[in-house]
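Asks: Listed here are the chains, written in short residue letters.
Protein chains: 2
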Amino acid sequence: MTGRRSFWGWGLEKDEPTNEQRQETAARLSKRFGRDVTAPPIPRIEDVTLRAPRTTPPASLREFTTSETYDRAWHSYGRSFRDVIRAVRGQFDNPPDVVAYPRTEAEVVATLEWCGEANLTAIPYGGGSSVVAGVEPPEGGGPSVSIDLSKLDQVLEIDATSRAARIQAGVLGPALEDQLRPHGFTLRHFPQSFEFSTLGGWIATRSGGHYATNHTHIDDFVESVRMVTPKGVWESRRLPGSGAGPSPDRMILGSEGTLGIITEAWMRIQGRPVFRASAGLTFDSWQAGYEAARHVVQAKLWPANCRLLDPVEAGSAAGLKGDEALLIIAFESADVPQDAFIREAVNIARAAGGRIDDSAIKISDGRNEEVGREGAVGAWRNSFITAPYSRNMTAGTGLVSDTFETSITWDRWPEFDRNIREAMNGALQRVCGGGSLSCRFTHVYTDGPAPYYSFSGMGRPGAELEMWAELKHAASDAVIANGGTITHHHAVGRDHMPWYREQRPPLFEAALRAAKEAVDPQGLLNPGILIG
Amino acid sequence: MTGRRSFWGWGLEKDEPTNEQRQETAARLSKRFGRDVTAPPIPRIEDVTLRAPRTTPPASLREFTTSETYDRAWHSYGRSFRDVIRAVRGQFDNPPDVVAYPRTEAEVVATLEWCGEANLTAIPYGGGSSVVAGVEPPEGGGPSVSIDLSKLDQVLEIDATSRAARIQAGVLGPALEDQLRPHGFTLRHFPQSFEFSTLGGWIATRSGGHYATNHTHIDDFVESVRMVTPKGVWESRRLPGSGAGPSPDRMILGSEGTLGIITEAWMRIQGRPVFRASAGLTFDSWQAGYEAARHVVQAKLWPANCRLLDPVEAGSAAGLKGDEALLIIAFESADVPQDAFIREAVNIARAAGGRIDDSAIKISDGRNEEVGREGAVGAWRNSFITAPYSRNMTAGTGLVSDTFETSITWDRWPEFDRNIREAMNGALQRVCGGGSLSCRFTHVYTDGPAPYYSFSGMGRPGAELEMWAELKHAASDAVIANGGTITHHHAVGRDHMPWYREQRPPLFEAALRAAKEAVDPQGLLNPGILIG
Chain A
253 MTGRRSFWGW GLEKDEPTNE QRQETAARLS KRFGRDVTAP PIPRIEDVTL RAPRTTPPAS
313 LREFTTSETY DRAWHSYGRS FRDVIRAVRG QFDNPPDVVA YPRTEAEVVA TLEWCGEANL
373 TAIPYGGGSS VVAGVEPPEG GGPSVSIDLS KLDQVLEIDA TSRAARIQAG VLGPALEDQL
433 RPHGFTLRHF PQSFEFSTLG GWIATRSGGH YATNHTHIDD FVESVRMVTP KGVWESRRLP
493 GSGAGPSPDR MILGSEGTLG IITEAWMRIQ GRPVFRASAG LTFDSWQAGY EAARHVVQAK
553 LWPANCRLLD PVEAGSAAGL KGDEALLIIA FESADVPQDA FIREAVNIAR AAGGRIDDSA
613 IKISDGRNEE VGREGAVGAW RNSFITAPYS RNMTAGTGLV SDTFETSITW DRWPEFDRNI
673 REAMNGALQR VCGGGSLSCR FTHVYTDGPA PYYSFSGMGR PGAELEMWAE LKHAASDAVI
733 ANGGTITHHH AVGRDHMPWY REQRPPLFEA ALRAAKEAVD PQGLLNPGIL IG
Chain B
253 MTGRRSFWGW GLEKDEPTNE QRQETAARLS KRFGRDVTAP PIPRIEDVTL RAPRTTPPAS
313 LREFTTSETY DRAWHSYGRS FRDVIRAVRG QFDNPPDVVA YPRTEAEVVA TLEWCGEANL
373 TAIPYGGGSS VVAGVEPPEG GGPSVSIDLS KLDQVLEIDA TSRAARIQAG VLGPALEDQL
433 RPHGFTLRHF PQSFEFSTLG GWIATRSGGH YATNHTHIDD FVESVRMVTP KGVWESRRLP
493 GSGAGPSPDR MILGSEGTLG IITEAWMRIQ GRPVFRASAG LTFDSWQAGY EAARHVVQAK
553 LWPANCRLLD PVEAGSAAGL KGDEALLIIA FESADVPQDA FIREAVNIAR AAGGRIDDSA
613 IKISDGRNEE VGREGAVGAW RNSFITAPYS RNMTAGTGLV SDTFETSITW DRWPEFDRNI
673 REAMNGALQR VCGGGSLSCR FTHVYTDGPA PYYSFSGMGR PGAELEMWAE LKHAASDAVI
733 ANGGTITHHH AVGRDHMPWY REQRPPLFEA ALRAAKEAVD PQGLLNPGIL IG
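Chains A and B are the protein sequences, given in the same order. Numbering (this note's numbering) for the first sequence: 253 to 784. Numbering (this note's numbering) for the second sequence: 253 to 784.
To be clear, the hints were calculated from the coordinates, so they are not data collected in a lab. For glycine and all other residues, C-beta sits at the position ideal for the given N, C-alpha and C. Misleading hints may appear alongside valid ones.
As the list claims (entries may be wrong) - Some chain B residues judged to face chain A by a derived CB distance under 8 Å, without partners named: (1) Ser488; (2) Met503; (3) His742; (4) Phe760.
Stated by the list, open to error - If you want the ones that stay clear, here's a sample from chain A, every Cβ over 10 Å from chain B, calculated: (5) Gly263; (6) Thr270; (7) Asn271; (8) Pro295; (9) Glu298; (10) Ala540; (11) Lys573; (12) Arg602; (13) Ile613; (14) Ala631; (15) Ala675; (16) Gln681; (17) Ser708; (18) Met719; (19) Pro750.
Said to hold, decoys possible - In silico DSS-like links for lysine-lysine, alpha-carbon gap of 25 Å or less: (20) B/Lys614 to B/Lys573; (21) A/Lys573 to A/Lys283; (22) A/Lys266 to A/Lys403; (23) A/Lys483 to A/Lys403; (24) B/Lys483 to B/Lys403; (25) A/Lys614 to B/Lys552; (26) B/Lys614 to B/Lys552; (27) A/Lys552 to B/Lys552; (28) A/Lys552 to B/Lys614.
Make a model of the complete structure from these sequences and hints.
Replies: Right, here's the structure in full:
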């Protein structure tokens, strides 16, 4: 990563759109929606005035802390729709008072000690890609410190024999892969936020990654974790597997910065794939596609990719006609040819109504060539990677767009999908006078899919936040009422708390609160998140 | 299961050996060890006198509770070496005062309420197969109630679409499979204790099952859990996957009855395998064998079986000559032919020095025939299944034999194995004047194996417990000092507590204790286990 991060949008400053580009986008939206759309000018940091810092770090911390406007503005938000709207408006009402950039674990400890002494809210900050207000200071809270782990960005140790590496928590995805690559290894955890999210963030939020089946969450790649808490350091043993009590790591996974600050982890890595196989099958209907996905995953061939796009998404993101669903199946391996696997999976999908020419099944066994970079499969891949940037273009034009994701068992899925679509189409009609809604499966399990819905509608400029809130509320209500989880891999943060409360067992809440009090008795860490 | 359980040994009463059979075994041991070995007579329940019950259930619970000697003696112990030695001696110094057999969840709740009102220790009891004193009342404790879940033995619901089933926690392995079989499904969780262990016990202890790679522990098959605690019922949502906070189920998995009594769970089930492939490869050395196992698992073909026996175990349990290691690889599937998989795995193992004739690779694709039931592989399988019964024959003869199991990363493994063997051979020499030691891998991970050591030596009749304690102590010290886990799938119980304390992060202990206090403020449930 070269260059400074955009304080308001996705990516680096140098990737920010110009006002001219935003106006061109607005003109396209004008045409599409038949009304006059304009893009407000992008904010300039020199125009931003923040509340004066309410606390000052002690001299011993000055070298790695700052209260500069740029740093505080940048660390005010994650990168959700709501975040970018607020930021593009130059609205930073509740910034952290101080941003710390500890360069060592000792400096993390020192920062947290200061927070304890001065009773400051401590907010662990990885890449800042949260879409659930997970790195935002609590409203109405006291002084807060955003603890940015980005200086802890090294792969410290590689154990080639065990295929594991000790990695600092603040490393961003690309830098992590850059450090593993020379050794022939990869973590292969590629969330959509990959460029601007960190290992520690993935662990804290149970990030969902590259693999669409089997080991989908970062959870399964964690061998041990080291975490700084207000009561000291918590570190688990490196173990391939254990049955000694409940897993200590599984209490950290998903703790969203409420129990401590993850500083490093031993992660399971792997050889870089050289055997690859990929196929994109089309289906006459969404239903035929998801039945096929179910059959494929239940056969336990464990494809690396098994993503299903509904006809709307296959049209908008993969260039199909809009009346066919697309199932992308891919296998990869560092060691073993994958042709037998893809043929079995394609057979299953064809038997369920999928169409693909034999010549369109791409196999590059042993030649270490990328496959799945052309045609509909490749188009979808590009669309997936660039999606987070598109919001920089449209923020503030009145466009209201977001995604929500969940998981549900297969038996409930058809009715779940109908109910979600009914609720969301109704809400889009009510709030925006209509809009678009699409769905894909990001991950699939033997017992159910993880559907990911995208919606958008044209709202009124200046009213985007209220309109978004109504749509998000409708989506969350529908997900929880129909038996889903409020998040499969986007985390809870502040945005999902009301529904998370409904979802989780109340006694688990009590147990988790007690666990937090044991390691963070002052409640310094991310108050209001996970624990009400 | 037809017939009453043996109150002292493994299995049913009708499977108990006769005194004559035990004397024959003793005669064989006499010959083997060159000294006079006798087998004390097996205990008779009519000769057992227990401490008078220190509490009496209220009238409302009388229908499903008892203080009969048989029930109290049977529920005094699990089935570890130490347990069977004590039981065969008729020594039941600290029996539970009452055994409850709740027939409904409401009766579980009522039993636990009574325990709360009368301040009684509550001990959840599944199949009683614990080998770590996990179902034994605490020494010096007050009155205790063993809560036997065996009447909750039904598969309540099968969701064929999602391949999941709602199952009561008290069902034993065979009865569970019997209820799934007519629907074409199976859980395929086959710990060595399968005949006399329950679903709830597997979940509470993070049981390790059939699959040697990938989804090895019961953990991965749990979709949701329902548990009765002193503060009420804790039930998670049925979800194929979730990223909403730390997993509630993962806090229950491994909780060993300290947080509540599991009453039912939704489990991921699967189609019954009809495609099978199996191969047993021999290796010149233990080292060549474990390098091969590492390569096979790191290729991520995910064989159902990938068990490696060291030369001693391959000799004693699989009928080989005693100078070769044996790697058993097997694949199975309900849906997909497995020949391509076994061929890739065999290629990898051969490249690492493994020997097998092509004709010895058994593939029964689609014919639903069992494979791997003949030759060395079949011999080992029989030995595995019948092993728990052998202790009924030798208990009290002076023979000291036990197993311990762990996991360790591959980089440390060779030195770990050397150190464990050195420690155990030294201890066997010291304690028994020598003995036998062998090892197998029960499960293998990309980052390390789960080795399982078996040891035995001839001790002095009457001194078995002290001699066993010294050997167990040496094993546990060596495992922990060399970086392993005190248990991969046998649980912590009372026996492993000193080493579990060393292994786990102290702050995790604090968090777990706090979590327990939140759901069990009186500390009724399994006091002394997991939480010191």
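Asks: Hint by hint, say whether it matches the structure.
Replies: Each hint tested on the structure:
1. Ser488: Status holds, d = 6 Å.
2. Met503: With a minimum Cβ separation of about 5 Å from chain A (threshold 8 Å), the hint on B/Met503 holds.
3. His742: The hint holds - B/His742 has a Cβ within 8 Å of chain A, the shortest such distance being about 7 Å.
4. Phe760: With a minimum Cβ separation of about 4 Å from chain A (threshold 8 Å), the hint on B/Phe760 holds.
5. Gly263: Non-interface label stands for A/Gly263: nearest chain B Cβ at 24 Å, farther than 10 Å.
6. Thr270: Since the minimum Cβ distance to chain B is about 36 Å, A/Thr270 lies beyond 10 Å and the statement holds.
7. Asn271: At roughly 37 Å from the nearest Cβ of chain B, A/Asn271 sits farther out than 10 Å, so the non-interface label holds.
8. Pro295: Given a closest Cβ separation of 31 Å, the condition holds.
9. Glu298: 38 Å, holds
10. Ala540: Its Cβ never comes within 10 Å of chain B, the nearest being 15 Å, so this holds.
11. Lys573: 30 Å, holds
12. Arg602: 14 Å, holds
13. Ile613: 16 Å, holds
14. Ala631: Label holds. Min Cβ-Cβ 27 Å, cutoff 10 Å.
15. Ala675: 19 Å, holds
16. Gln681: 29 Å, holds
17. Ser708: Fine: 24 Å to the nearest Cβ keeps A/Ser708 off the interface.
18. Met719: 25 Å, holds
19. Pro750: With a cut-off of 10 Å, A/Pro750 remains clear of chain B, as the shortest Cβ separation is near 12 Å.
20. B/Lys614 to B/Lys573: Distance of about 22 Å is within 25 Å: holds.
21. A/Lys573 to A/Lys283: 21 Å, holds
22. A/Lys266 to A/Lys403: Holds - the C-alpha atoms of A/Lys403 and A/Lys266 are around 21 Å apart, at most 25 Å.
23. A/Lys483 to A/Lys403: 23 Å, holds
24. B/Lys483 to B/Lys403: 23 Å, holds
25. A/Lys614 to B/Lys552: 21 Å, holds
26. B/Lys614 to B/Lys552: 21 Å, holds
27. A/Lys552 to B/Lys552: 13 Å, holds
28. A/Lys552 to B/Lys614: 21 Å, holds
Hint violations for this structure: none, all hints satisfied.
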